[in-house]
Structure formats: C-alpha cells, structure tokens
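Visitor: This is what each chain is made of:
Protein chains: 2
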Amino acid sequence: MQVEIWTDVNCPFCYLGKKRFTDALEQFDHADQVDVVHRSFELDPTVPAGTSGNVIDHLARKYGRSPEEAEAGERQLGAAANEAGLEYVVTGRDVGNSFDMHRLLHWALELGKQEQLLDALYLANFADATPLFGSTDRLVEVAVGAGFDEAEVREVLDDPIRYAEAVRQDERQAQEFGVNGVPFYVFDRKYAVSGAQPTELFAQVLDKAWGEAQPQPIVVADGEACGPDGCAVPQQ
Amino acid sequence: MQVEIWTDVNCPFCYLGKKRFTDALEQFDHADQVDVVHRSFELDPTVPAGTSGNVIDHLARKYGRSPEEAEAGERQLGAAANEAGLEYVVTGRDVGNSFDMHRLLHWALELGKQEQLLDALYLANFADATPLFGSTDRLVEVAVGAGFDEAEVREVLDDPIRYAEAVRQDERQAQEFGVNGVPFYVFDRKYAVSGAQPTELFAQVLDKAWGEAQPQPIVVADGEACGPDGCAVPQQ
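Order-wise, the sequence lines are chains A and B. Note that the UniProt record's numbering gives residue 126 to position 126 of the first sequence, counting from 1, and the numbers run on in steps of one. Note that the UniProt record's numbering gives residue 40 to position 40 of the second sequence, counting from 1, and the numbers run on in steps of one.
Rather than coming from a laboratory, the hints here were simulated on the basis of the structure. Check before you lean on any hint, since a few could be wrong.
Copies of the same chain look alike in the list, so a pair counts if it works inside one copy or between any two.
Under the rule of at most 20 Å between Cα atoms (straight-line distance), these lysine to aspartate or glutamate pairs were calculated in the EDC-like manner [said to hold, decoys possible]: (1) 19 with 222; (2) 113 with 141; (3) 62 with 207; (4) 19 with 128.
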C-alpha cells in the first residue's frame, strides 16, 4: 500500500501531522508493507529564495494581523505540537522559500532516506531557533547532520535543474486533486485525509485502505514477452 | 490515469510493444490524461557492465542453441518488428548490461523526457548496427542525439549512486507483482498486460481502466491544515 503525503517544511500542521501519522503507522500491523512518500507543496512559493524572515512578522504582515495576534496563533500551534510530544520554538522560527528543500527531499527519496531528511528539516525549523531559510550553508548543515554527504548535498543544491521537475510534478498532481492546504494524505490514490488529524483517525484510514487494497494487478492478457529464459518467439 | 511499463532496452518485445502501445494511446480519447512511466527491469543483470557481445553468439551460448537457431529466432522477431513498422537489425545488434541505461532513464523521467531517451535507446539497439552496450561514449552519443546535455549525461553516468536506488525500487516492485518477463504494463495498479500484445488489446485495456478510474481520492477527513491563507489554528 502506498501513502503519499503532500507537505511543506514551512507548515506547522505538517510537522504535527507527521508525528500523529507516524504514531498510527507504528501501531499498524502491516507497517512494513506501507510505502510512504512525501510530496512537494509550497505554502508560499512567492517568497524570494535566499531570504529568511521571522515568522511572527511575516504572518502579521501577510494576514494583516497585529504581531500579538500572530504570536498568539503560534502559541496555539506550539501548544498543539507540545501535546503531541514535539518541541516548538514559538517566537524564534523563520520562514522562507522551500523549493530547494523540496528538491533535496526528492533526492533523499531516491536514496531511500527521505524520512531522515524531512525529520531533520522539521526539527531545524520548528524545534531550533537558528534560522533555517535563505542560507544554503545552514541547509547543508542540517542535511549533513541527518547523515547525508556534504559534497553530494551541495552538488544537488548548486544545480537548480536537479529535481525541479519532480517538485513541479508533485505540485501539479496536488492541483489536480484539488489540494489547497497541507498536510494532505492520499492512500493508494483512493482515500484522502486533509490536515493533521488525530492518530486514531489515521489508524482507521490505514485499516480501511488496507482492507480494500489490491495486492496485485489483475493480468488481463499474457503473451509475447522476454524473460530470463529468452524471448517467446512468435509463431509464423 | 497512470500506466507503468516495466521494460529493458535489451528486450525485443519491449521495443515492439512500445510501438503497439503507443499506437493504441495515440488513438485513445483521453491520451492527454494518461501518465506513462517506464520502469526498470534487467533481463540479464548478470552480464558484466562495460562489455558488449553479439546477440546471436550470446543467445546461442546462453540457451545452448546453434547459431543458426539463434539467428532464426532473431529473424522472426525482426519480421514481427517490421510488421509493426519498425526497423530491426537481425544479425548486428549487441547485448550487455543495461543498469546504466535504466539509471539514465530515471534521470530523463525527472526531466519529463523519458520517452525521448527510451525511443533513442531502442533505435540505437535494434535499428542501428553500431554497438550500444559496454561503452559510455556511445551511450552519451545516443542521449545527446535525443536532445540531452552531454555534460549532464556524463555527470549521471559517472556517479554510480545516482538513480541506482530508483532502478532497484522498480525491480523490487516488479518482483512483488510477480513479473518474470517484460514488457509488463500496469494500469492504475489495477490491471496488467504481459507481453507485446496487439494494439487493439491495449486499446481495450485503456478503455476498461479509464472507465473504472477514480479521478480524485475521496476525502474522508478534513481539518487542521495550512494553506495560502494561513494555518487554521485549533480552538483551545
């Protein structure tokens, strides 16, 4: 079974939802047969790359709130995160363009190490007051801390074409699914869950999707193929 | 709708099947909504990389046939290919390890240009007597001829880690599906077609899978998410 999760490092509910979903998955009987893929969604693609701003100022300016209102929102998100067992830096975290992080997450997926990188990015953003955005060096530092090779990370980041199309493809798919917020979970392209739902809800949907999963496609026609014993040559 | 096609550049029926499937897809009313992905399958992963051998000798040795028998098989495959409107070099083509080609096909997929590369590789293998296998320079030449950047192609080929995991993942998936020969076509992970079936059969399965396709996953829960208008902060 496949679960695709559209997500953004900038998204507090994605951070929270990952914990709740992971908790559900750890208790799931068939966890070893669930293939989780994190897909790209940019909450704010208009933020220029290479910049970083404090989240409180950013939210206040973007939504026309007072800094106090923006901070109150962050405090509520922080409380929800703490309740799920997660650290949350309420006033210190920053925001910025996440496109390069998404590119790097696609590279990590290819290496079979996407979870490690995403967890490290979430912690760097939400549990560490050191700015994360706008600095390639900081991003490299976080990736290296998660076990990736520094030269390889820099090679991906230095070449803006690498994985850009994979990020865009995820974003197009999200658009086709009508996704307008993240986290967004898709189970075998059949069921979807929007938002950081409770662990119990994720457990229920895992059960439901598993129960209906088709382990093998139905072979409707079989013939002229090549295998380890050669090609079945057509009769003339 | 998604169609995944497990394939190998070494596989005559994959070459033939691609033409027949493409013919069916071109006549299909919803072709623009069909996402085709070519997946990796190595017909003979034990062939050492960096070598190339004539196909007749290889088949005769591998299956204990006389060169005449092996050549007769190739002639039949060639006749079937010609009938589908494809060129086929009966005695001149070579065989070898295709792992690097699969890595390159995954890179091309990421760039949205997988079809172009696969078509060029098939032509280089089946319609051109110049050896294709065992030489990085020849592989680069074919890729450049298909419109890829030489430096980028070399960069991928020179780093054996790049896309290796993606190839292995395709091969694991094929094993899970019980695939023992290629081409193998999977429609929305629901229906499968094994072998280079007639164009009409592909057309029928496209119709069937399309008729049953679920355009959108069903959203079973909606809540705590972040979108372009901010995060819906939980009520305390």
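Visitor: Hint compliance check: list the failing hint numbers for this structure, sorted ascending.
Guide: 3
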